[in-house]
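Trainee: So in the working numbering, spot 36 of the sequence shown is number 36, and the numbers just go up one at a time.
Mixed in with the good hints there might be a few duds.
Unchecked claim - Distance ranges between label pairs, derived from CB positions:
{"no.": "1", "residue 1": "G77", "residue 2": "E34", "range": "13 to 21 angstroms"}
{"no.": "2", "residue 1": "E54", "residue 2": "R20", "range": "33 to 41 angstroms"}
{"no.": "3", "residue 1": "I76", "residue 2": "R6", "range": "17 to 25 angstroms"}
{"no.": "4", "residue 1": "E58", "residue 2": "D102", "range": "27 to 35 angstroms"}
{"no.": "5", "residue 1": "H80", "residue 2": "R20", "range": "25 to 33 angstroms"}
{"no.": "6", "residue 1": "D35", "residue 2": "I76", "range": "16 to 24 angstroms"}
{"no.": "7", "residue 1": "D73", "residue 2": "E49", "range": "19 to 27 angstroms"}
{"no.": "8", "residue 1": "N57", "residue 2": "E17", "range": "27 to 35 angstroms"}
Claimed, not checked - Lysine to any residue pairs mimicking SDA-like chemistry, simulated, CA-CA at most 20 angstroms apart:
{"no.": "9", "residue 1": "K64", "residue 2": "F52"}
{"no.": "10", "residue 1": "K7", "residue 2": "A21"}
{"no.": "11", "residue 1": "K64", "residue 2": "A53"}
{"no.": "12", "residue 1": "K64", "residue 2": "R20"}
{"no.": "13", "residue 1": "K7", "residue 2": "E34"}
{"no.": "14", "residue 1": "K64", "residue 2": "M1"}
{"no.": "15", "residue 1": "K64", "residue 2": "S50"}
{"no.": "16", "residue 1": "K7", "residue 2": "D35"}
{"no.": "17", "residue 1": "K7", "residue 2": "G23"}
{"no.": "18", "residue 1": "K64", "residue 2": "S95"}
{"no.": "19", "residue 1": "K7", "residue 2": "W56"}
{"no.": "20", "residue 1": "K7", "residue 2": "M32"}
{"no.": "21", "residue 1": "K64", "residue 2": "D2"}
{"no.": "22", "residue 1": "K7", "residue 2": "S95"}
{"no.": "23", "residue 1": "K7", "residue 2": "D102"}
{"no.": "24", "residue 1": "K7", "residue 2": "D83"}
{"no.": "25", "residue 1": "K7", "residue 2": "F28"}
{"no.": "26", "residue 1": "K7", "residue 2": "E22"}
{"no.": "27", "residue 1": "K64", "residue 2": "E17"}
{"no.": "28", "residue 1": "K7", "residue 2": "H80"}
{"no.": "29", "residue 1": "K7", "residue 2": "G77"}
{"no.": "30", "residue 1": "K7", "residue 2": "E17"}
{"no.": "31", "residue 1": "K7", "residue 2": "I94"}
{"no.": "32", "residue 1": "K64", "residue 2": "R26"}
The set of hints was computed from the structure by calculation and includes no laboratory data. Since the structure is predicted, the reported quantities are computational estimates derived from the model, not experimental observations. Glycine residues also receive a C-beta, built at the ideal position from the N, C-alpha and C atoms.
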Amino acid sequence: MDISARKVAQVAVMARELGRAEGEMRAFIDRMSEDEQAELVAVMWIGRESFFAEDWNEALATAKAEATTPCSDYLIGTPHLADNLENGLEALGISVEDVENDLM
């Protein structure tokens with residue numbers, strides 16, 4: 001995974017405060033490279049169990065192939081985004097608590 005766990009955690013934190021942080025979250029995602037955006041989507045999909053952690057390459061390839069709308073629009077419209085991102089990191093063996101504590 002090339003996207004940093006810190007970036008994924010930052011999106012999760014902003015998603016929890018979407019009412020006041022939507023603009024900031026949208027700008028943060030839009031500044032990411034296309035590869036990072038695809039990886040962010042793949043982490044979210046793993047977190048909601050559309051794919052499993054061992055299917056990372058397939059999830060990533062699918063995210064790249066199906067990227068037809070702006071990533072920020074897609075993610076903001078996704079229910080339970082923060083939970084799915086956090087679950088995805090955990091499934092990939094990354095401690096969400098440690099990463100989010102580093103953000104504070």
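Trainee: All the hints need checking, so say for each whether the structure fits it.
Mentor: Right, here's what the structure says about each hint:
As the Cβ distance of G77 to E34 is approximately 19 angstroms, the hint placing it in 13 to 21 angstroms holds. Between E54 and R20, the C-beta spacing of about 37 angstroms keeps the proposed range 33 to 41 angstroms intact. In this structure the hint that I76 and R6 lie 17 to 25 angstroms apart at CB holds, the actual value being about 20 angstroms. One distance hint, 27 to 35 angstroms for the beta-carbon pair E58 and D102, holds here, with the actual separation near 30 angstroms.
A beta carbon spacing of about 19 angstroms between H80 and R20 contradicts the range 25 to 33 angstroms that was offered as a hint. Distance hint check: the CB atoms of D35 and I76 are about 20 angstroms apart, consistent with the given range 16 to 24 angstroms. One distance hint, 19 to 27 angstroms for the beta-carbon pair D73 and E49, holds here, with the actual separation near 23 angstroms. Taken as a hint, the range 27 to 35 angstroms holds for the pair N57 and E17, whose Cβ atoms sit roughly 32 angstroms apart.
Our distance criterion of 20 angstroms between C-alpha atoms is met by K64 and F52, whose separation comes to about 17 angstroms. Pair hint K7 plus A21 holds up; C-alpha atoms about 15 angstroms apart against a cutoff of 20 angstroms. Straight-line distance between C-alpha atoms of K64 and A53 comes to about 17 angstroms, which keeps the hinted pair within the 20 angstroms bound. The straight-line distance between the Cα atoms of K64 and R20 is roughly 29 angstroms, outside the 20 angstroms bound, and the hint therefore fails.
With a CA separation close to 14 angstroms, the supplied pair K7 and E34 stays within the 20 angstroms bound. Taking the CA atoms of K64 and M1, the gap is about 14 angstroms. The hint holds against a cut of 20 angstroms. Between K64 and S50 the CA atoms are separated by roughly 15 angstroms; this keeps the pair inside 20 angstroms, and the hint holds. Pair hint K7 plus D35 holds up; C-alpha atoms about 13 angstroms apart against a cutoff of 20 angstroms.
Annotation: proposed proximity of K7 to G23 holds, straight-line Cα distance about 16 angstroms (limit 20 angstroms). Between K64 and S95, the direct Cα distance comes to roughly 26 angstroms. Violation of the 20 angstroms bound is thereby established for this hinted pair. The hinted pair formed by K7 and W56 meets the criterion: a straight-line CA distance of about 18 angstroms does not exceed 20 angstroms. Taken as a hint, the K7 and M32 pair is honoured in the structure, with Cα atoms around 9 angstroms apart against an allowance of 20 angstroms.
Between K64 and D2 the alpha-carbon distance is near 14 angstroms, which keeps this suggested pair within the 20 angstroms criterion. A C-alpha spacing of about 14 angstroms is found between K7 and S95, which places the hinted pair at or below 20 angstroms, so the restraint holds. Distance restraint check for K7 and D102: the Cα-Cα separation of roughly 11 angstroms lies within the 20 angstroms cut-off, and the hinted pair is therefore satisfied. About 15 angstroms separates the Cα atoms of K7 and D83, which keeps this hinted pair within 20 angstroms; it holds.
Proximity of K7 to F28 is assessed by CA-CA distance (about 9 angstroms); at most 20 angstroms being required, the pair is judged to hold. For the hint linking K7 to E22, the alpha-carbon distance of about 15 angstroms falls within 20 angstroms, and the restraint holds. Between K64 and E17 the alpha-carbon distance is near 27 angstroms, which puts this suggested pair outside the 20 angstroms criterion. Distance restraint check for K7 and H80: the Cα-Cα separation of roughly 17 angstroms lies within the 20 angstroms cut-off, and the hinted pair is therefore satisfied.
Between the alpha carbons of K7 and G77 the distance comes to roughly 19 angstroms, so the proposed pair stays at or under 20 angstroms and holds. Proposed proximity of K7 and E17 is supported: the alpha carbons are some 16 angstroms apart, at most 20 angstroms. A C-alpha spacing of about 13 angstroms is found between K7 and I94, which places the hinted pair at or below 20 angstroms, so the restraint holds. Our distance criterion of 20 angstroms between C-alpha atoms is met by K64 and R26, whose separation comes to about 19 angstroms.
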